[in-house]
Amino acid sequence: MAKYLLRALALIYLLFLLVIPVGLIAWRTFGDGLGPVVEALTSDEALHAIKLTLTIAAWAVVGNTIFGVGTAVLLVRHDFPGKRLLNALIDLPLAVSPVIAGLALILVYGKFAPVGGWLEQRGIQVIFSIPGMVLATIFVSLPLVVRAVAPVLEELGVEQEQAAQTLGATGWQTFRRITIPGIRWALAYGVVLCMARALGEYGALAVVSGRIVGETQTLTLFVEDRFQNFDQPAAFAAATLLALIAIVTLLLTKLLRPKGND
Amino acid sequence: MATTQTSTGTGVAAPAPVDAAPDAPPARRGRRRPAVGTGLGLGTAVLYLSLIVLLPLAVVVWRGGKDGPGYFWQAVRTPDSWAALKLTLVASLVVALINLVMGTVIAWVLVRDRFPGIAVVDTLIDLPFALPTIVAGLVLLALYGATSPLHVNLAYTQIGVVVALLFVTLPFVVRTVQPVLLELDRDMEQAAYSLGASQWVTFRRIILPNLAPAMLSGAGLAFTRSIAEYGATVLISGNLPFKTQVASVNIVGRIESDNIAGAAAVSTALLLIAFAVLILLDVIQRWAARRG
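Taken in sequence, the protein lines are chains S and Z. For the first sequence, the working numbering begins at 1 and goes up steadily by one. For the second sequence, the working numbering begins at 1 and goes up steadily by one.
One or more hints might be untrue.
[Said to hold, decoys possible] Simulated crosslink set (SDA-like; lysine to any residue; CA at most 25 Å straight-line):
{"hint": "1", "chain 1": "S", "residue 1": "254", "chain 2": "Z", "residue 2": "123"}
{"hint": "2", "chain 1": "Z", "residue 1": "243", "chain 2": "S", "residue 2": "225"}
{"hint": "3", "chain 1": "Z", "residue 1": "86", "chain 2": "Z", "residue 2": "280"}
[What the hints assert, rightly or not] Not everything, but these chain S residues come out facing chain Z in the computed CB check (under 10 Å):
{"hint": "4", "residue": "102"}
{"hint": "5", "residue": "142"}
{"hint": "6", "residue": "171"}
{"hint": "7", "residue": "206"}
{"hint": "8", "residue": "235"}
Hints were generated in silico from the structure; no laboratory data involved. As the structure is a prediction and not an experimental result, all values here were calculated from the model. Note that the Cβ used here is the ideal one computed from N, Cα and C, for glycine as well.
I would like the entire structure built from these sequences, with the hints used as guidance.
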């Protein structure tokens, strides 16, 4: 009896919090067929938002992947003073509101801040422009690749790497032929997580981008802008597109999740 | 952690290559071979982290506190910010408590129950982490907004804010309790039953004490996520000062009205609360590890 009560309680909670709301948005989006959806997503503004979102996410993923793999190797394979501190600081972005991340970047890279002013004189505008949006996206997704790769690297051990080096492989060869293949699934998992977070970031970008329509408007900002301007079909279409990306991400992470984590 | 943060703030103010240099010699002393490589890699990693995360965050805290504690307190006590902070804390506390119960129930059902489609339910739990927060807000507004098919209009209400926060924090308690429940030794439970304990007594005396640390750390994470949330609450809250405006929305308002010092003060307050909770969680985990 208690068993069925608990089951019903859990399922009803999930139904009303998660399943019906997400289903409803899909239903409303496709309620009038595919035509209006395609139309809403191929307007100049929408296309620009999609392109910008992909560009920013690509930069952030490249940056955080290089940083993530490098830092994971440092943390797992090397000893240095301050290692525990570095390890703790990497998780900092997860504890910080995206809004504060945006404010933090403005305070350093804004036009009236020392660093931002210096860059401005050299013709590089960071805030209210793409570089600042890339920085904000990197900020919020920074720990994801490190945290996916480090435990697998730890488990992999050093024996194969040492064997390769004994046989005369250079550091780079060992890394490319032994280390990378060993961590490839964890790396893919981290990259997928990072990509999803980068495509879906809203708060930090809302602060840093200045929300200039057709210029610094990403897909998430487009959703908010369309909704606030009572253009629900476009808002719903873009939201459904983002939700589809999220579901694909979910299935990919399910496939890629390192074994033993379950 | 709050103190570590300020201390790194000052360390970071120096250019990172200088940071990397003193690191190199001890690495060489430590018999580890590629000292130059380590130093170079470490320098690059620290520089990247510093330029994007540490230096900017340090500047927020510095800007929030630079005019002294009196000014900081005054900026935080501005009526609209104070109301926003209070709402954020109360709503996050409610969200943490609901998650504590419902997250444990869901984890329990996922581990102990069997029914068709349970694997799908298990996958769905992570959806709130994958879904962009603004989409989460929009999705909830579709069901609980002015055009609600259920005729439940939570738009521009504090309950709406709580529902939005419940959505984005759903996975925390489920995903911390689930593995502990899976590993839990069932012999103890069976012993309790065979000695005549009821289901409820067994749960309260045998299972709950084992789950408590995981439940608390999950709820703590849900709390820190809630006080930081922006995207999910911005649409459903309607951003009404003194009524539905949460702290992160208040911060954005201050940034947009060019009150950067005020924004930095409220941000610093939020950061301090988040770090206090994280330290508390760390203490709970250590305590649980010592007991276990």
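For each hint, the structure was consulted:
1. S:254 with Z:123: holds (8 Å)
2. Z:243 with S:225: OK: residue 243 of chain Z and residue 225 of chain S at ~23 Å, within 25 Å.
3. Z:86 with Z:280: Holds, at about 20 Å.
4. 102: Holds, because the Cβ-Cβ distance from residue 102 of chain S to chain Z comes to roughly 8 Å (cut-off 10 Å).
5. 142: holds (6 Å)
6. 171: holds (7 Å)
7. 206: Hint on residue 206 of chain S: holds, closest Cβ of chain Z at ~7 Å, below 10 Å.
8. 235: holds (6 Å)
Violated hints for the displayed structure: none, as all numbered hints are satisfied.
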